[in-house]
Amino acid sequence: MKDEVTRDERVANLKGMGCARKRVEDARFTQGKGNYIDDINLPGMLHGDFVRSPYAHARVKSINIDAAMALPGVVAVLTAKDLEPLSLHWMPTLAGDKQMVLADGKVLFQGQEVAFVVAKDRYIAADAVELVEVEYEELPVIVDPFKSLQSDVVLREDLEPGADGAHGPRKHPNHIFLWEVGDKSATEAVLDEADVVAEEMVYYHRTHPCPLEPCGSVASMDKVNGKLTLYGTFQAPHVVRTVASLLSGIEEHNIRVVSPDIGGGFGNKVGVYPGYVCSIVASIVTGVPVKWIEDRMDNLMSTAFARDYHMHGKISATKEGKITGLWCHTTADHGAFDACADPTKYPAGFMSICTGSYDIPVAYLGVDGVYTNKAPGGVAYRCSFRVTEAAYFIERMIEVLAIELNMDAAELRRINFIKKEQFPYNSALGWEYDSGDYHTAWDKALEAVDYKGLRAEQTERLEAFKRGETRKLMGIGLTFFTEIVGAGPVKNCDILGMGMFDSCEIRIHPTGSAIARLGTISQGQGHATTFAQILASEIGIPADSITIEEGDTDTAPYGLGTYGSRSTPVAGAATALAGRKIRAKAQMIAAYLLEVHDDDVEFDVDRFVVKGAPERFKTMKEIAYASYNQAIPGVEPGLEAVSYYDPPNMTYPFGAYICVMDVDVDTGTADIRQFYALDDCGTRINPMVIEGQVHGGLTEALAIAMGQEIAYDEMGNHKTSTLMDFFIPTAWETPHYTTDHTVTPSPHHPIGAKGVGESPNVGGVPAFSNAVHDAFRPFGLRQSHMPHDHWRIWKIANGLGLHD
Amino acid sequence: MIPAAFEYHRPDSISAALAILQDHGDDARVLAGGHSLIPMMKLRMADIPHLVDLQDVADLRGISVQDGTVSIGAMTTQAELIASADIAKAAPILHEAALQIADPQVRYMGTVGGNIANGDPGNDLPGLMQCLDATFTLAGPDGSRDVAAREFYEAAYMTAREDDEILTRVSFAGTDAGYAYEKQKRKIGDYATAAAAVLLKKDGDKVSSASVAMTNLSDVPVFSKAAGAALVGTACDADAVKAAVAAMLDDIDPNEDNRGPVAFKRHVAGVILGRAIARAWSRS
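Protein chains in written order, with numbering that gives the first Met the number 0: chain Y, 0 to 803; chain D, 0 to 283.
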C-alpha cells in the first residue's frame, strides 16, 4: 500500500495534544450563532420576573397581588404561600444550609426574591412587578460579620438557636460553623518561641463572578408525558437534574436538563437559584414553558458572590527567614444563607491550601462562618473552592514577613519553597502535593524580568521621588502560587452526596470519525477543541473528525460539571482512559485483520503496525470500518467505550507571576507597566487555549485587585449593582501580558495534565496587590485592603504623609 | 431593566417636535443619543410616556465655522466632533475633550445636545461650554432664545430650558488660546472623578486671559471665575497655580460616592487643575 505521508505529517494531521489548534467553537460565537439560554424560545412560552426586596432586613407583613393579577397578560403571581404546599418555598443549598425560594415571612438581603410574576411577555411581567404591593416592617440590619456574632438580632429565625448546623456546633444564632484544620496548640507553641512573628489582618473583599451572560432558565413541563425539560445556565447540569428530582418528586428519568451555550460561569452558575425553581413551578402550574432571565442588576445583587474572607494571620520564622509555623483564623461572611458551592466535607473549601508553596512544618486554620444581611453565596469565582483566598493570604503574609525580617521577598520565597525532591509532599494541613519544581520556575521568572535590574530601577525611582523629581513610585509585585484543583477523589469530595468523578463516552462511527460526550460543560473554556485533541492523540483519529458534546443529561454520561479547574484533571482523564479502551479493542481488531497475535501489533500515531514490519498496518479508519462489517471471533461489533474517572488525588498546578506598576501618589492611579506570568499546568494540551485562559484569568484578577467589589452601606443597600460601579476591565484598562511556562506533569493523571483556567486568577490577584504594597513599602506600609482603586491608593499615600 | 411602555415619536422638523412637546407637556421628553435617558427609563427612574426621537431632524445637525464663530447642531455626535477638522482647528479643546467622553461606541450615538441639555453633572461638555463661554440656543413655542452656558445650569438635571423647549445649537467664538482638558476617571466609560477645562492666552510672558471650568465636582458644572482671575497677569508660576487651585477649591462642592470621599476628590481636583494649567500654558 502506498504511503507517501511522513510520520510527522501524520502526527500534524491529528491536531492532537500540544497543537495550538484553533478553537472550533469560535466560528459560531464570532458570527453570533451561539445558542444561549435567552435564545431558547418555545411555543406558548411565558415570562417570569421577580418582585425583590428593597430592604436588607424586614418582616413581610403582607403581599397583595390583586392589582398585578388585574393587569392584562398576567397569568400568575407566586408567593411563598403558593410554594409551601409543594415544600418548595425553601430549598437546600450546596453547603448544607437551606435558602428561601420566595420570602417566607421575612427578607434577609436587599434584592431577595419576594414574589414571582408570570406573564405573557417580558414587558408585562416587568410592569406587573411594580403592581405587587408588599408591606414591610424594617428590622435592624447587620452587614459586619464581627458585629453579627455580638448582636442580639437573630437573622435566621428558622434555625433552632442552640442546634448544630450542617458542619457542627453553632456558638451564636448568627454563627454557621467553625471549621478547624491542623494542630492549633503545636502551632501556637511554635509562634510563642519563634525568633520573628509577623501578624496581620488580610481582608479579601466581597466581589462577584459577573459572567457576561447572567443566569436564567426555561422550564417546560409536558403534562401528557410527565416529562420536565429544563434548559438553564448550569455549570453542573447532571447535579441539577438530581436536585430537581429530589425537590420536585419527579422521577429522574422524567427530567431532562440541558445546558446550552453558556456565556461564562466563573462559579456563578454552579448553585441553584430561586429563579430556576420558580420557572419549574410556574411551568407545572400553567402547563406551558416558562422562561426566567435575570438582568445585570439581579445578577450582581442576588446570585452568588465570592470571597468576603477576613483572614487574621500569624507567620513565624527564624532570624534567617526559614518559616517555622503558620496560623490563620478566618471570619467568613456568607450573607443570609450559606450558599457556598464547596465539596460537602469542606465548608471553607480548600482554604487549607493556605500554606502555599512553602515547606511549613506546622500550621493551623480555623474558619468561622457567619450570617449577615447580604446576598447568599461564597462561590469559587474562577477558583477551586477558596484557593484564591488562601493564595492571597499566604502571599500577603510572606510579604509582611519579609518586611519584618527586612529581607527581599523573592529570596524569602526561595529559601522556603518545597524542594523538587520533597514531592509528593504532605502539607501541614493535610494535602498531598503531587508534583512541583518551584525553584526552577522561580529562577526562570526572576531572570525573565531582570529582577535585579528592576530593583535597581526602583531604588533610583525612590531617590528621585525623595528629591521631588517625580510623584510616581514603582512597585514590584511578586507571587508564587500553588493551586489545588481537579476535585476530586470521591472518598473526600462530593456535592450533595454525589461523588466528584467525571465521565466520557466515545462512539467511533464506521467511517472513522467519532463523537465523545462528557459530564462536564464548557462555558468558554474550549472543551470542544481541547478534549478532541486528547482523543486524537489517544485513538489516532484527527481532532477535526471528533465531535465533543456536553450539557444534555439525556445523552451525556453523568458528571459533576465544570468548575474548580476540574474538567481537564477529571473529565480529561476520563477521556484519555475511554480512548485507551477504544485503542485496546482496536488493537484486537487490527491483529485479526493483519492475521497476527494481539501482542504483535503496536499503536503508531493513527494506526496499528506489525512490530518489526512497519509496512504492514491498519489505520484507525480501516479498523473503525472493520468493527462494523467484520465478524471477528470473540469481539463484539462496534467501537464504543465509556469511562468514569475517580481521580486518586487532586492536581497541583503552580506558577510565578511578577507585576511591575507605577503608582501616582497624588491621584491614586496605577499604571501597570509589565506583567509576566509563568504557569506550570503539567502537560499542555493546547498552548493557545492555555494562553487565552491565562489572559482572561489575569484580567479578572486585575479587576478584583484594582477595583471590582460588591459594596453595601450600613443599611445593607447594595452600592455596586451596575457596571458603572462594578469594574469590568475593557481592552483599554488591560495591560499587555507576557506568558511563559515550565512543564511538570502530574504523576497520577493519565496524560499528566493539571488544569489551568483558574491559576491566573489565583496568582494574579496577589501579584497586582503586592505591587501596590511594594511601592509603598519604603514608607512603612504593611497591609492595605483591596480593591486598590484610585481613592484607596490615594488614602495609603495620604496616611503615610506623602501629601504633606 | 425593562422600561415602562411609552409612545415613540419621530418628527422630521423642529416645529413638529415642538408641537409634540406642546401636546404632551411633562409627559414628553426629547431623545438624542439616548445614553443617559434610556438607562434611566430602563431603571424606571424616568417615566416618559412620550419619547420624541430627534434623529430625523436635519436642522439639528452640522458643524459650521463662520467669521470665527463655531456653531454646532445639537444632534451632532461626539464621533462627528472628533472627526471634524474645523473643530480641531477652531476649538482644539473640544476635540481633546470629546476623545475622553465615554467610549468609541457611545460616542457614535451620544450627541453634543444631549450631553449639554440633560443637566447631568457628570457630563463633560457642560463645563467645557462654560470654559468656552458658549451660548445655547433654545427653540420653543414662541420662537428661539439664547442662554449663556454659564447661566444655564441650576441644579442636577435642572436647567434654564423649559419643558416645551428644545436645545437646537451651541455656538462660541473659536479660540487659539492654550488649552487642556484633563480628566481622571476610574475606567473607560466612567464619569470623571475630577476634570478640568482650561484656556489660557499669553501676552509676552504673562497670562492675558484665563478660563477655568470643572466637571463632576458639584451638582452643576463649575465655572471658576476666581481661578481664572488668579492666573491673569502672572507668569503662570507655581504660586499662581497654587492660588488658582485654592480659588477653584472654594467654588466646588463634591459629594462622596463610589469614586471616593470628598477629601480625595478635592485633592484630585487640585492636582488635575494644576496639570491642565501646565499643559494649557505649554500650548499658549
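Don't take every hint at face value.
[Said to hold, decoys possible] Think about it this way: if two alpha-carbon atoms lie no more than 30 Å apart in a straight line, the pair counts; the simulated BS3-like pairs of lysine-lysine are:
hint, chain 1, residue 1, chain 2, residue 2
1, Y, 465, D, 184
2, Y, 32, D, 41
3, Y, 465, D, 41
4, Y, 718, D, 186
5, D, 184, Y, 471
6, D, 41, Y, 794
7, Y, 471, D, 41
8, Y, 794, D, 241
9, D, 241, Y, 718
10, D, 88, Y, 794
11, D, 186, Y, 580
12, Y, 119, D, 41
13, Y, 60, D, 41
14, Y, 718, D, 41
Please keep in mind that the hints were generated in silico from the structure rather than gathered at the bench.
### Task
Run the structure past the numbered hints and jot down the numbers of the failing ones, going up.
Going through the list in order, the structure violates hints 3, 6, 7, 9, 10, 11 and respects the others.
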